[in-house]
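Could you slot chain B onto chain A? The hints should help.
As given, the protein sequences belong to chains A and B, one line each in that order.
So in this note's numbering, spot 507 of the first sequence is number 971, and the numbers just go up one at a time.
So in this note's numbering, spot 92 of the second sequence is number 158, and the numbers just go up one at a time.
Restricting the straight-line Cα-Cα distance to at most 30 Å, the calculated cross-link-like pairs of lysine-lysine (DSBU-like) are:
(1) B:K88 with B:K113
(2) A:K839 with B:K177
(3) B:K184 with A:K839
(4) B:K177 with A:K1003
Covered stretches of chain A, going by a simulated chain B footprint (3 or more residues, C-beta under 8 Å):
(5) 778–792
(6) 805–813
(7) 817–823
(8) 865–871
(9) 874–885
(10) 945–954
(11) 977–987
A few chain B residues that don't get close to chain A, going by computed Cβ distances all over 12 Å:
(12) E226
(13) F264
(14) G293
(15) I297
(16) V333
(17) Q341
(18) A365
(19) T401
(20) W408
(21) Q413
(22) Q417
(23) V418
(24) I419
Hints are computed from structural coordinates only; laboratory data are not their basis.
Don't be surprised by glycine CBs; every beta carbon is placed ideally from N, CA and C.
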Amino acid sequence: MSTATQVNEEDHGHHHKETFVTKYIFSQDHKMISKQYLITGIFMGIIGIAMSLLFRLQLAWPEQPMGVMQVLLGKWAPDGIMDPNVYLALVTIHGTIMVFFVLTAGLSGTFSNLLIPLQIGARDMASGLLNMISYWMFFLSSVIMVCSLFVEAGPAAAGWTIYPPLSALPQAQPGSGLGMTLWLVSMAIFIASSLLGSLNYIVTVINLRTKGMTMTRLPLTIWAFFVTAIIGVVSFPVLLSAALLLIMDRSFGTSFFLSDIFIQGEVLHYQGGSPVLYEHLFWFLGHPEVYIVLLPALGITSEVIATNARKPIFGYRAMVASILAIAFLSTIVWGHHMFISGMNPFLGSVFTFTTLLIAIPSAVKAFNYITTLWKGNLQLNPAMLFSIGLVSTFISGGLTGIILGDSTLDINVHDTYFVVAHFHLVMGISALYGLFAGVYHWFPKMFGTMMNKNLGYVHFWVTAVCAYGVFLPMHFIGMAGLPRRYYTNTAFPYFDDLANINVVITVFALVAGAAQLVFLYNFIHSMFYGKPAEQNPWKSNTLEWTAPVEHMHGNWPGEIPHVHRWAYDYSKPGHEADFVPQNISLKEDEEELQH
Amino acid sequence: MTVLLTLTVLALIAIAIWQVTKIFELSQTPKVITQVADDDDNRLNGKLMFAFLIFIYALTLFSFWRWGDVLLPDASSEHGADYDNLMWISFAIIFFVQTITQALLHYFAYKFRGEKGKKAYFYADNDRLEAVWTIIPVIVLAGLILYGLYTWTSIMSVEEDEDSLVIELYAQQFNWKARYSGDDGVLGDANVRFLQDFDGKNQVGIDATDPNGFDDVVVQELHLPVGREVIFKMRSQDVLHSAYMPHFRAQMNCVPGMITEFAFVPVKTTSDMRQNPDVVAKVKKINKIRVENSKALVANGEEALEPYTFDYLLLCNKICGASHYNMQMKIIVETPEEFEKWIANQQTFAQVIQ
Chain A
465 MSTATQVNEE DHGHHHKETF VTKYIFSQDH KMISKQYLIT GIFMGIIGIA
515 MSLLFRLQLA WPEQPMGVMQ VLLGKWAPDG IMDPNVYLAL VTIHGTIMVF
565 FVLTAGLSGT FSNLLIPLQI GARDMASGLL NMISYWMFFL SSVIMVCSLF
615 VEAGPAAAGW TIYPPLSALP QAQPGSGLGM TLWLVSMAIF IASSLLGSLN
665 YIVTVINLRT KGMTMTRLPL TIWAFFVTAI IGVVSFPVLL SAALLLIMDR
715 SFGTSFFLSD IFIQGEVLHY QGGSPVLYEH LFWFLGHPEV YIVLLPALGI
765 TSEVIATNAR KPIFGYRAMV ASILAIAFLS TIVWGHHMFI SGMNPFLGSV
815 FTFTTLLIAI PSAVKAFNYI TTLWKGNLQL NPAMLFSIGL VSTFISGGLT
865 GIILGDSTLD INVHDTYFVV AHFHLVMGIS ALYGLFAGVY HWFPKMFGTM
915 MNKNLGYVHF WVTAVCAYGV FLPMHFIGMA GLPRRYYTNT AFPYFDDLAN
965 INVVITVFAL VAGAAQLVFL YNFIHSMFYG KPAEQNPWKS NTLEWTAPVE
1015 HMHGNWPGEI PHVHRWAYDY SKPGHEADFV PQNISLKEDE EELQH
Chain B
67 MTVLLTLTVL ALIAIAIWQV TKIFELSQTP KVITQVADDD DNRLNGKLMF
117 AFLIFIYALT LFSFWRWGDV LLPDASSEHG ADYDNLMWIS FAIIFFVQTI
167 TQALLHYFAY KFRGEKGKKA YFYADNDRLE AVWTIIPVIV LAGLILYGLY
217 TWTSIMSVEE DEDSLVIELY AQQFNWKARY SGDDGVLGDA NVRFLQDFDG
267 KNQVGIDATD PNGFDDVVVQ ELHLPVGREV IFKMRSQDVL HSAYMPHFRA
317 QMNCVPGMIT EFAFVPVKTT SDMRQNPDVV AKVKKINKIR VENSKALVAN
367 GEEALEPYTF DYLLLCNKIC GASHYNMQMK IIVETPEEFE KWIANQQTFA
417 QVIQ
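Bound conformation, chain A alone (with noise of 0.2 Å):
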């Protein structure tokens, strides 16, 4: 910090006195904030991967004695055997956490924060105080989720959808007690810190930019965040009312979502409420969600495709219309997720058309990233196979939506595992290569340091490989029409010929969990003993690699660099090197491309 010399009227912190709490815990600044988010993030990134490695260990053999259920369920799993309450909360935690604590804020909560300031030229985000609020509340809605999973009566349980009446009540499932009061409460305050976070976002890209950085611009990742950080607050609120509703039918007797219910030899005294109407809440918010998850890995791996093909991004104009037309349908597609709830069938008319619309803008993105890699000078960094893999697996996850998206169709498959094939690799497998693509581009920017490159690869090929060893199967499981969330199909001779399906599944998902291992000692290995960075080791465009390696507060010593032509001048005809930055002027006689 000491080193800057130069002080201006917009460069906030540089008088500061930093102490160690200011500066790694309570820190206000951008780039901290990020770290926070990303480790806290892979902290529990690692808790959601390994229940599902449980899991999959009871899929394969249940009713087999396990000896490492036992040291890690305790007397949940007696005589080694998992309990299926257990089961029920593995798979309803695993969801939580991976969608809304790993896929939404260790994803979008790192890398807008960390990309915002430095890719549209601003010294900090419109808030430095909001930021770090923001990522407290997360912090404390992280440690109570992990909390609710030591509760006596086990964590909640009832799906991460937690429909009601089964969430609602405590006499229908163990964890519908303390563990779901505690989901309930760290949900409430997850949301208030994503809502903080996205509107600093949207009010940082508004306000925030440099000189020369119109919203044309703008790298699609900016635009990625930004219009998941709009979704985000049209949406989430929604949940909130959702959650909020469910706690006062809980525990202040109210009947928004319960009516007519015997159970336990008792009638309950709710009249009049409707489960359908938290299905309308939950999903209002829960299929924007997908794309909150989704945008950014998109955005991110535009950004590598890019760099590292060393083109153009093909299709710029078309490539911001796609993320906004599919932020605008996400909103009014939920009614897909509720086909056979028992709605009135012609909404299932309405939102089947809608649905299917959305494949219009993805499958424009697809075709623009393919385009992209047309004829470039592919530099096949970890960064870019994550990329090259995320296009992958979107696509083929993508096209099974349009069996699940079509109302007919869904009837027969709706909640069987081809569902849970689909998602995973659409939105699931999709967001994490994104997060790992950003996380192998980036880590130079956030660490000063070089990940190793070879280990990079064989993390990459052995998650691709199994991803799809995973998935695939999947969807033949679910045809063949078994639902998910049992915690057994041994009560099914029919499904005897689906038991060794089961099992390589397993083995490949287990193989999987090993190579994250490989990622995880990179990345700790990296930030204290890597290679030292260059400021801009991947000859990239972006304001980011402008600024010096070191870290320092207000990004820039001296003046913000201003913007002169957009990202994505790669190879541009009539400049000697293959990339041209942003904050380089026009040269005399050089058209800037219209955008």
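Leaving out everything else, chain B in the frame of chain A:
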């Protein structure tokens, strides 16, 4: 023991991966090592991209060859044929697009792998191309949407007529019951408030003041006459459940506090299905697996598994608690004569509460 073995295998795999990486590193000719991809990395990973394309195709083909027989047999309901048709058309489109796009993606990644000194082709935009790949999906999807909506409307518009059979499906943690409307063809009113009447004999809460309810029949096994429209009225007494009858391409949630509906016409009796070649093959395969599994059980002094015969299934397909995985009911589709004979032998509500 298995756990120990699994852990050992995992540890060995981890060591192997680490060693391979080391060898990979050592085998490279000494040069300035950077952590940015160089020509060797591009060459190797480019080729791996091509290999990966082959892997995706091979895995797809292998899965069909090895596991193609686990898929559901042809539909056993009237609308099921339309459903299957639409499914196969959608799948044909998906396979076509998947094959082409994955090929382009991975082939480009292989073909245009980077080399020092090469320069990429500056190609930023082409409106005509964008228009082409916007319009083609629009046309294909418009076709799918229209076909889908037509089928959906015909499946979901339930029209009750003289001949249709009205059955209530009643869900609770963790079993199913069915209520037939009896001679009058009308289901009596019901509510969970009446469940405790008559010392718990009123299993689905029929309102004893409604005369329509007296001839209703409540059973634990679902019998359906072949060739006649069945209209299901679904209820749940506690949490959400979903009545899933995969062989009939039928599913609907059961929601406490409301009555949901689904209707279909079964077209194949259970005994027809048991003679269907696909089903025969599947049952044979399953029984082979069961004999195999029984050996281990018998060795442990437990009873062997019973041989399996095919039956239609009603499963719960909405998470509903601990025994969700075992909430099922047998469905028997039989000739109208068999059905009449069976229903005549059941006790009516009036008989049960006497």
